[in-house]
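Go by the hints and put chains B, C and D with the ligands onto chain A.
Protein chains in written order, with my numbering: chain A, 4 to 500; chain B, 3 to 309; chain C, 8 to 336; chain D, 8 to 336.
There's no promise every hint is true.
[Stated by the list, open to error] In silico SDA-like links for lysine to any residue, alpha-carbon gap of 25 Å or less: (1) C:K134 x A:S323; (2) C:K333 x A:V368; (3) A:K110 x D:G224; (4) C:K229 x A:G331; (5) C:K333 x C:M21; (6) C:K169 x B:T243; (7) B:K215 x B:G236; (8) C:K229 x A:G366; (9) A:K110 x A:R121; (10) B:K276 x B:D84; (11) C:K169 x C:A130; (12) D:K333 x A:R138; (13) D:K169 x B:Y304; (14) A:K33 x A:D191; (15) B:K215 x B:T243; (16) B:K32 x C:A41; (17) B:K8 x B:M44; (18) D:K229 x A:I57; (19) C:K229 x A:V368; (20) B:K15 x C:L299; (21) D:K333 x C:A130; (22) A:K181 x A:W147; (23) A:K340 x A:P94; (24) D:K333 x A:S304; (25) D:K169 x B:T243; (26) C:K262 x B:A152; (27) C:K333 x A:T13; (28) B:K116 x B:Q173; (29) A:K176 x A:W270.
Think of the hints as simulated: they come from the structure by calculation, not from any bench. Keep in mind the model is a prediction, meaning the values are calculated, not measured.
Here is what each chain is made of, one letter per residue.
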Amino acid sequence: MNTIYAENITKIYPGTKALDGVSCHFEGGKINALLGKNGSGKSTLVKIFAGAEIPTEGMVRLGDKTLRLSSTLQATQEGIVLVYQETSLVPTLSVVENIFLGRLPRKPNGLIDWKAARVRAAELMDGMGLHINPRALIQHLPMWQRQVIEICKALSHDPKVLILDEPTSALAKDEVQKLFQAIRRIKDRGVVVIYISHKLAEVNEIADTVTVLRDGVYVGSRDIRELTNAGMIHMMFGDVRHKVRPAESVPTDEVIMEVNGLTRAGWYEDVSFKLYRGEVLGIAGMLGSGRTELLNGIFGSMPADSGTVTVGGKTYARRSPVLMKGAGVGLTPEDRKVDGLILMHSIESNLCYAGMRRTTVGGWVESTRKRRAMAQRQVDALHIKLSGLNARASSMSGGNQQKVVVGNWLNNDPSIMIYDEPTRGIDVHAKQQIFEIMWAQSILGHSSIFVSTEIEELLGVCHRILIMRGGRIVDELKGERLQGTHTNDLYTLCLGG
Amino acid sequence: AEDTFKVAGIVFKDEFTMKMVQQGYQDAAKDLGVEILIGNSMGDIANEQQLINGYVDMGVKGIAITPYSEEASSPMLREAYDRGVQIAVANIKLKNADFICGGFTSQDRLNGQKLGEFMAPVLEERFGKENPLKIAIIDFDAAIPEQSKARYGGFLDALTAYGFTYDIVAQQSSTSKQDNVPIIEAMLTGAPDCNVFYNTSAAFTAIAVQVVKTMGLDKQICVVGYDMGEQVAGQLLEEGTPLYCTLEQDMYTMGYKAVEQLVKTIRGEETECKPGETVYLAGIIHSVQDLPEVQSWLDRFYALSSK
Amino acid sequence: MKIAKLDQKALRLMILNHVTEIVLVLICVALWIAAPTFMTWSNWMNLLRSGSVKGIIALGVTMILIAGKIDLSTGSQVALSGVIVAVFGKHMTAAGFDLSLACVLGMAASLLLAALFGTFHAAIQNKYNIPPFIITLATQYLLFGLGATICNNYPIPNMFPKWFVQLGMGRLFGTIPYPVIIFMVLWGVCYVVMEHTTTGRSIYAIGGNQEAARLSGINVFKAKAVVFVTVQVCAALAGWVNSAMVMNADWTYAKDWPMDCITMAIIGGTSMTGGSGRIWGTLVGVVLISVLINGMTILNWNIYIQYIVRGAILLGSLLVMTYRDKLRD
Amino acid sequence: MKIAKLDQKALRLMILNHVTEIVLVLICVALWIAAPTFMTWSNWMNLLRSGSVKGIIALGVTMILIAGKIDLSTGSQVALSGVIVAVFGKHMTAAGFDLSLACVLGMAASLLLAALFGTFHAAIQNKYNIPPFIITLATQYLLFGLGATICNNYPIPNMFPKWFVQLGMGRLFGTIPYPVIIFMVLWGVCYVVMEHTTTGRSIYAIGGNQEAARLSGINVFKAKAVVFVTVQVCAALAGWVNSAMVMNADWTYAKDWPMDCITMAIIGGTSMTGGSGRIWGTLVGVVLISVLINGMTILNWNIYIQYIVRGAILLGSLLVMTYRDKLRD
Ligand SMILES: Nc1ncnc2c1ncn2[C@@H]1O[C@H](COP(=O)(O)OP(=O)(O)OP(=O)(O)O)[C@@H](O)[C@H]1O
Ligand SMILES: Nc1ncnc2c1ncn2[C@@H]1O[C@H](COP(=O)(O)OP(=O)(O)OP(=O)(O)O)[C@@H](O)[C@H]1O
Ligand SMILES: [Mg+2]
Ligand SMILES: [Mg+2]
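Here chain A stands alone, though its shape is the one from the complex (with noise of 0.2 Å):
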């Protein structure tokens, strides 16, 4: 059996400590979690493993063989894969060319032999339960099928160690479980896997160890049989409690904002629903369900084919962002390094960008005072770690460039938020801090919408929460009713079944 060993690995980034002195290993015909909170230093490790980084100090062991690894190429070569954690392909390339980017097969002439390709692409995403055109663009498929696509990547490589950093963040339930199941069939192959995630019910579910780093310093390895939740939890952060929503967050009865009739045809239809002051509103469905698209159409940054919003009341047959800024609402995009944030600027700017009038004399000229003022205030009220407010944003690990994100909306008083999975990807404290948020939030009478493809959190967060099913608002759930809502029964709520 192969063993992976990190041997004293520490990782100096400038400004950053990413990890300090770790050691540990990771044995074969297991599959191993890797856990801690956001900036832990997970991903820092397993790039190192697969020489995508380079250690300050420290090396890293595969069996009896030291590897001095400066690319990913030598890892590949022995047999180290990673599967990022944001997707590695390229949009304007083929499948079967993104499967086997870099090691085309070759006829014996010298060429690409095409449909040798074609035909082990197929099988791979056989293997996935995934049929679609090997030949279609990259560019022109939805973000799950990218996210499989990567994995049938990883796996064509037929890898000693596998590693997975995040891989189910983007990915359904039904997915989930194929994925899970391809992934054990790895394992019994004796290859050491590797498994990143925040979502603590998976680990359950599918690993065999657990080692958990911590600010990056190494805490420990345990078997996952020793092993409860608020035990893993407690390696994860030591001692934190769990708040619950506070008494005083209740909504009132009156209707802040009307959704009516939204529709675009293909992607979510008929959509109606009111939300009132100071609620906060869930909306869970599974993967594809439409939710990103409605919250885009609801806030106009992407278009709708018709219905109202009514906010304020003002009803808006068309909208925009600038209009729905203007009308007292926010919106905090799903991928927050693509579309949250402005990584080369600072993280002053960064905060300041939606509050922006607010930062002038007269509406126009900025005063400098008032924008550092503004930063400030939410660097404190929401806990932002930073080195200054002049580091780019680039330099903040998630879990910070999250709160960045809602903080420069909160910077400009909105009265509804809608939040797109704000937790993905970061870890529980900072999950329980934007939960935090919202309840502030509502208490000072502000709306909340939540989504989030970990339909348990909204359980514990919401008022109230409609299920989204095929584009459509097909049930709700609050008081009572929500009250005695388990998980599964939320879950079997959305896959209708």
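Structure of chains B, C and D with the ligands alone, referenced to chain A:
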């Protein structure tokens, strides 16, 4: 007056003819014992202005220049003159320029006329006067329109004066030196009955001769050139060449005389040309009628360019 | 120990941040020694005057580069705007109108056209998301053809009233050329807009990440329209000044200017990839290039050497800036 | 009902996919009617010959655009490579060597220099991640200055042996011009390399998502080096053919070519943003532009109208392609 001082010589584009002017400037300065600074405005009027100002500020006593434009260049030169710098002009006749100490040009229109007058009997003998001549023209209207228009305008005027009628069967403006093969090929494809091909510059002539030959039209078409150059001279010397003649503007002499005029004016000596006036240097026609003369031009050219 | 190290880095960063300024000063000193006439008031006024014409465009170019876009059609617009003013002058005076009136109308028309083309660029770019490089490459041809057609391919000299010519030739208090004044005023306006207003902030934002800017409720089209129109209008203004300076209008002017102006902005520290740049830097870039050209002329350097020097300076400044950014992170 | 609708969309897509080809055919037919001499073998050979010279570069440009990069210095390289060959011819024959030998050495030297500059571009771009637009803008100045300096700014006519002149003027079997043959052979090579070799696919990959390509173990630098060197070498080859065609070498040649070649590639359907493009399309683009220029010249259209038409065609093709991509999604 002091005997030795600085003057400047400006040319306006990146081409062989300007190189000759520049050589003239330099030789004259050497002969007269003054220091000369050389600048090239690279066909951009803003550069020209920058050069003029720069030289004035450096305290040159005079500037010899082939201006970019007969209209546009004069205000800037007047400004320089007002600041105490003598101006001598080569290559074109500057408008509104009573301030210059003298100018030397071969006038494009006159040159065109001279070519027309020279060619008229030749063309009459070859094609007769009864039918209109079928003329194709390649010009550089899109670069320096004033010059370009004068060059073919003069030629056509002379033909009319001689009693010819003509049709312009093709006329194109070229914006480059190297893209002319396709243009001329297409012109002749579109006007297969063309019998006179008039070029407004040496770069065109060289290509036109080649194309006429490769298209097998060398018996039908009489090529008339403008400006002399190494390649064109070679073509005149070729056996059975379709090129009949070309006109050399004596660029070297223009440059030489401009600097001479400048230096003599500054020194207060007797000069060839009165202030404010422009002397026309006659263009020199080189034709297949006198091949030894062409050969001797080429020899002189080699002597000059190896300097 | 650690502090000393940090300080050294900070010092190096400070030097690198001001490397263009330092190079400028060094070049000036070198020129002063090599050619004393270089450091005279009148030489400076003249070199600044020439630099200002392109500098006016370079301001617009800086803004559009910060927005992550580009405009290659500015050269054609320079030529066209001069032609339009002159054509109005020519035809209206022929019809018996006053030259000044004709000129004002011509100026208005050329501004309008510039704004129209800018809006068109912004609209096409925004709607279809086509790279602006290629849109403006196409309109560059269009504008050039338009200029030639409008003036029937004859240059039009001397069709400007006295006061218009002053724009190019005049001097405030008889000493500071108006083009320099115009440039400095525009520079001030640009500086304030880009660094201290929401419009400027929006332009930086769309250059940094357009989608994020859009989702923050920034009016992306408006910001784009501002830069695309500004750069065209700057080109039109430069076209007036240029035509006034040479008292002539010709559709062949300014062909190489777009690249020259981009060079000035880049040397000043603006990035080609959008989201970062400095209006102050462009001022330095404009002066640096003008000093170089003037200085090399004074030293009587061959024009071709001048090209090599320009290429080398551009390359050098790119490398220095990249090194600085690495150091900073 | 639904099927009919789909089919209609498929039909429209098919038309849009081949819109350049269709436009080309339509233009040819129109020209045939307007000017019967257009549709002759000799005219076509002539127009293809001229198109081929720029076409050779357009192949390299297509590759570099697919890789998401650009090269603005090709024009200077065209001029320089001709000058180098001629300078070798001139100085070596003066020193008593054989002209053919001199020419071969000159060709080798110019290829070497082109490869060097290509490698330099790739190295700088790769190491410092500077936009290639600006790197090659800088080297464009350098190469231009170099060309002028090497030939001491005299054009050098007739310094080529007969066989070299054949490269530009000769015709296979007395009818098909060699430039056309060279272009077609290179086109075939490019086609196979881009569509059927791992090198080609790596180029597509780095254009589509460089980081993904790198993480997949693709040698990004190698792929970049291939395109940067190829485009420079193509320019050098085109420089030979061009000089052979005009029997002259001059450092001022080909200033506008980089944009012309980019236009050809874009009209052929290559995207400016990298990752997608078609070598076949470039062939069509080259022929389309050549036909247009030839046709408008035969019809004796004014050069200004020609510019407007060119701008309009480029703009039109951009819009059509964008519309097609929208429809496809
Ligand atoms: N390229 C980089 N430059 C500077 N700092 C970095 C870089 N990459 C990561 N970091 C920092 O290193 C630390 C560890 O980051 P890492 O991405 O490994 O965390 P993680 O455990 O994967 O977090 P998450 O759960 O959010 O993905 C963080 O503080 C992060 O900001
Ligand atoms: N009708 C459809 N046709 C094609 N693709 C679809 C359709 N509906 C959904 N999808 C794909 O499914 C993905 C998810 O859709 P959407 O984002 O609207 O739903 P969601 O519930 O927010 O899911 P996610 O968890 O991905 O955000 C999209 O990326 C989209 O490409
Ligand atoms: Mg991570
Ligand atoms: Mg979603």
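Open item on the list: Need the status of pair K33 of chain A, D191 of chain A: alpha-carbon distance at most 25 Å?
Closed with: This hinted pair holds, its Cα atoms lying about 8 Å apart.
Open item on the list: Next pair to validate is K169 of chain D with T243 of chain B; report whether the Cα-Cα distance is within 25 Å.
Closed with: Answer holds: K169 of chain D to T243 of chain B is near 18 Å, not above 25 Å.
Open item on the list: Can you confirm whether the C-alpha distance between K229 of chain C and G366 of chain A stays at or below 25 Å?
Closed with: holds, 16 Å
Open item on the list: So if I understand the rule, the pair passes when the alpha-carbon distance is 25 Å or less; does K340 of chain A with P94 of chain A pass?
Closed with: holds, 18 Å
Open item on the list: Would the hint linking K229 of chain C and G331 of chain A be met if the CA-CA limit is 25 Å?
Closed with: Status holds; Cα separation ~20 Å.
Task: Pair hint outcome, K181 of chain A versus W147 of chain A [Cα-Cα no greater than 25 Å] - done: Holds, because 13 Å separates the two Cα atoms, which is no more than 25 Å.
TODO: Please work out if K333 of chain C and T13 of chain A have their alpha carbons no farther apart than 25 Å.
DONE: Holds, at roughly 22 Å.
Task: Pair hint outcome, K15 of chain B versus L299 of chain C [Cα-Cα no greater than 25 Å] - done: Since the Cα atoms of K15 of chain B and L299 of chain C sit roughly 20 Å apart, the hinted pair holds (cutoff 25 Å).
Open item on the list: Check whether the Cα positions of K333 of chain C and M21 of chain C lie no farther apart than 25 Å.
Closed with: holds, 14 Å
Open item on the list: Against the 25 Å threshold, does the CA-CA distance of K169 of chain D and Y304 of chain B hold or violate the hint?
Closed with: Roughly 22 Å separates the two Cα atoms, so the pair holds.
Task: Hinted pair K262 of chain C and A152 of chain B, Cα distance within 25 Å - done: OK: K262 of chain C and A152 of chain B at ~24 Å, within 25 Å.
- [ ] Given the hint that K333 of chain D pairs with A130 of chain C, test it: the Cα-Cα distance must not exceed 25 Å.
- [x] Holds, at roughly 17 Å.
The structure does not agree with the numbered hints 2, 6 and 11 stated previously, though it agrees with the rest.
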